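Assemble the complex: chain A is given as a structure, and chain B must be docked to it using the hints.
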Amino acid sequence: MGQITESFLEAFILILSLDTELFEILYLSFEITIVAVIISSIIGIPIGTILACTRFYFRKAIISIFFSLMGLPPVVVGLFVYLIFSRSGTLGWLGLLYSPTVMIIAQVIIITPIICCLTFQTIESLYLKYREFFLSFHIGKVKAIRAYIFDSRFELVTVILAGFGRSISEVGAIIIVGGNIDHLTRVMTTAIALETSKGNLSLAMGLGIILLLIAVFVNATMIFIKNKFLNPSDQGL
Amino acid sequence: MFKENPSINIRDISYSIDGKYLLNKTRLKISGNGITVVLGANGAGKTIFLKLLSGLLKAGNGEIKTGSKDFSFRNSAMVSQEPIILRRSVMSNILFVLNKVQPHQKIMASELIDTLGLSGKNNQSALTLSAGEKQRLSLARALITQPRILLLDEPTANIEPTSTIYIEKVLAKKSSSGTKIFFVTHDINQAKRLANDIIYVENGKVLEYTNSSVFFKKPITVNAQKYISGIISDAQTNN
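Going down the list, the sequences are from chains A and B. Mapped onto the working numbering, the consecutive letters of the first sequence carry residue numbers 2 to 238. Mapped onto the working numbering, the consecutive letters of the second sequence carry residue numbers 405 to 643.
No lab work stands behind these hints: they were computed from the structure. A quick note: this is a predicted structure, and the numbers were derived from the prediction, not measured. Treat the hints with care, as some may be off.
[Stated by the list, open to error] From chain A, some residues computed to sit far from chain B (all C-beta separations above 10 Å): (1) Glu11; (2) Glu22; (3) Leu23; (4) Val36; (5) Ile51; (6) Arg60; (7) Gly72; (8) Leu73; (9) Glu133; (10) Ile140; (11) Ala148; (12) Leu162; (13) Asn181; (14) His184; (15) Phe218.
[Said to hold, decoys possible] Short, incomplete list of chain B residues facing chain A, as computed with Cβ under 8 Å: (16) Ser458; (17) Ala481; (18) Met482; (19) Gln485; (20) Arg491; (21) Leu499; (22) Val501; (23) Val505.
[As the list claims (entries may be wrong)] What follows is a list of derived Cβ distance ranges for each label pair: (24) Gly524(B) <-> Ala62(A): 45 to 53 Å; (25) Gly423(B) <-> Phe225(A): 49 to 57 Å; (26) Ser534(B) <-> Leu129(A): 19 to 27 Å; (27) Lys142(A) <-> Ser472(B): 26 to 34 Å; (28) Asp416(B) <-> Thr222(A): 54 to 62 Å; (29) Gln509(B) <-> Phe59(A): 38 to 46 Å.
Built from N, CA and C at the ideal position, the CB exists for glycine as well.
Excised from the complex, chain A in its bound form (with noise of 0.2 Å):
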């Protein structure tokens, strides 16, 4: 018990002392979970929007694919990234291994298929609702999409973050394919994996009390924006 409250004050002085490892952490973090999100975001939500209001043959084959793709094991995507980007691999070639860039990569592949189911659910409700009625006013098929797409974009700020709250968190894979090396590819998460491992707590502890805080942010903005912007019966939820 003793040991936690002393790491739990030393990761405190860390936090309020700006400590500069820490921050190099934090910093290199964010840009690869935003880096990363924002990606997702550009190829998940027309994929979604778009697998929600055209019908095409194969599209239930490719909805499945994608839902399934949720349950993807991160370590699994590390290791696929990993033999890919490794010397020997097919891409290998461009020497991103063990670089912040193939841990994009592997953030990307991991939440893209995320963002791209809620974005679909998201985009389905609204489009059975709206169907006939855009279909009357004979409202052509770009400007229903962007009407799908404006009104919903109070969920989609709630689907990118879901996808942020899921890379920020992300362990497995980019340990795999960043190597958890020191001022380079080190993030909050394997930072945290290798102090434990050490028995430098109070810096793990410091790291972590940062995770769960925008863990905690994260969920309450979304909360958030679902009580102040989402009337659960205008959206038939």
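Only chain B this time, still in chain A's reference frame:
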């Protein structure tokens, strides 16, 4: 100003799902002017009839002809019982259905907002309106497109009397200026107030199409007589 429209010819349209006819071999020649009220119990086929007219549903066979390119169902607008309200302001909801918004259309939208008793709510989020106000907004949105034919599926069901009065007033005015109106309702008194002619539907078949005063005075079919006097219930007609 009153415009004389050509009549609407419905030739043997049918609509079925899994072999069950929801509307069967309907043949009618409907006046191109005035308000045609469609009466019938729940599940009789009134909404199917309206959706077939609007083109939202495609008839299995038969055809609907309006006799003029200008006066066609391509130039129609529909208002449903449950208004679909977009998550934006009242004004944006109305202007949404237009392809390119012209300045005079913005003025027209403001006038519609005032006419339908929504003054001062132009920039208010449409989701915050009451059920009746939402339905009035839905009607304003239909009217901004200046439809030649207006299709309304129980627009006043479950809304307060004030909204019903606003809607009825606007419909009467539109009808007198040449807009053909199809109006589905369960309210016999409302049908009496609004209708120029009546279509009575039962079990997917049009049993009667007559002048409103004739229909309410002396309906041809026994079933229509029973419906007016409230003897026919939804359960009876559905079975």
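Hint by hint, here is what the structure shows:
Residue placement check: glutamate 11(A) keeps its beta carbon more than 10 Å from all beta carbons of chain B (closest about 49 Å). Annotated as non-interface, glutamate 22(A) keeps its C-beta farther than 10 Å from every C-beta of chain B; the closest such distance is 46 Å. Against the 10 Å criterion, leucine 23(A) stays outside the reach of chain B, whose nearest CB is about 42 Å from its own CB. Every C-beta of chain B lies more than 10 Å from that of valine 36(A), the closest at about 30 Å, which supports listing it as non-interface.
For isoleucine 51(A), the requirement that its beta carbon stay farther than 10 Å from each beta carbon of chain B is met, with the minimum near 21 Å. At roughly 22 Å, the least C-beta separation between arginine 60(A) and chain B is larger than 10 Å, which holds for a residue marked as non-interface. Every Cβ of chain B is farther than 10 Å from the Cβ of glycine 72(A); the closest lies at roughly 32 Å, confirming the non-interface assignment. With a minimum CB-CB distance of about 33 Å to chain B, leucine 73(A) clears the 10 Å threshold, and the non-interface call stands.
The Cβ of glutamate 133(A) sits about 6 Å from the closest Cβ of chain B, inside the 10 Å cut-off, so the non-interface label is violated. The non-interface label for isoleucine 140(A) is inconsistent with chain B: the shortest C-beta to C-beta separation is roughly 7 Å, within 10 Å. A Cβ of chain B approaches the Cβ of alanine 148(A) within 10 Å, the least distance being about 7 Å, so the stated non-interface status is violated. Separation of leucine 162(A) from chain B is adequate, the least Cβ-Cβ distance of about 19 Å exceeding the 10 Å criterion.
Every C-beta of chain B lies more than 10 Å from that of asparagine 181(A), the closest at about 45 Å, which supports listing it as non-interface. Every beta carbon of chain B lies more than 10 Å from that of histidine 184(A), the smallest distance being close to 47 Å; the non-interface claim holds. With a closest Cβ-Cβ approach of about 26 Å to chain B, phenylalanine 218(A) is found to remain outside the 10 Å limit, as its non-interface label requires. For serine 458(B), the suggested interface contact is upheld, since its CB lies about 6 Å from the closest CB of chain A, less than 8 Å.
Here the hint on alanine 481(B) is kept, as its CB sits about 7 Å from the closest CB of chain A, short of 8 Å. Because the closest C-beta pair between methionine 482(B) and chain A is about 4 Å apart, less than 8 Å, the hint holds. Evaluation of the glutamine 485(B) hint against chain A yields a violated restraint, the C-beta minimum of about 12 Å exceeding 8 Å. With a least beta-carbon distance of about 4 Å to chain A, the hint placing arginine 491(B) at the interface is held under the 8 Å criterion.
At about 12 Å, the closest approach between the beta carbon of leucine 499(B) and any beta carbon in chain A exceeds 8 Å, and the interface hint on this residue is violated. Below 8 Å, beta-carbon pairs count as interface contacts, and valine 501(B) has one with chain A at about 5 Å; its hint therefore holds. Residue-level restraint check for valine 505(B) is violated (minimum Cβ-Cβ distance to chain A is 12 Å; threshold 8 Å). In this structure the hint that glycine 524(B) and alanine 62(A) lie 45 to 53 Å apart at CB holds, the actual value being about 52 Å.
Checked against the given bound of 49 to 57 Å, the beta carbons of glycine 423(B) and phenylalanine 225(A), roughly 52 Å apart, stay inside it. Checked against the given bound of 19 to 27 Å, the beta carbons of serine 534(B) and leucine 129(A), roughly 24 Å apart, stay inside it. Against the hinted window of 26 to 34 Å, the Cβ-Cβ separation of lysine 142(A) and serine 472(B) comes to about 29 Å, which satisfies the hint. In this structure, aspartate 416(B) and threonine 222(A) meet the distance hint of 54 to 62 Å, their C-beta atoms being roughly 59 Å apart.
Taking 38 to 46 Å as the suggested C-beta distance range, the pair glutamine 509(B) and phenylalanine 59(A) conforms, at roughly 42 Å.
Of the numbered hints listed earlier, those contradicted by the structure are 9, 10, 11, 19, 21, 23.
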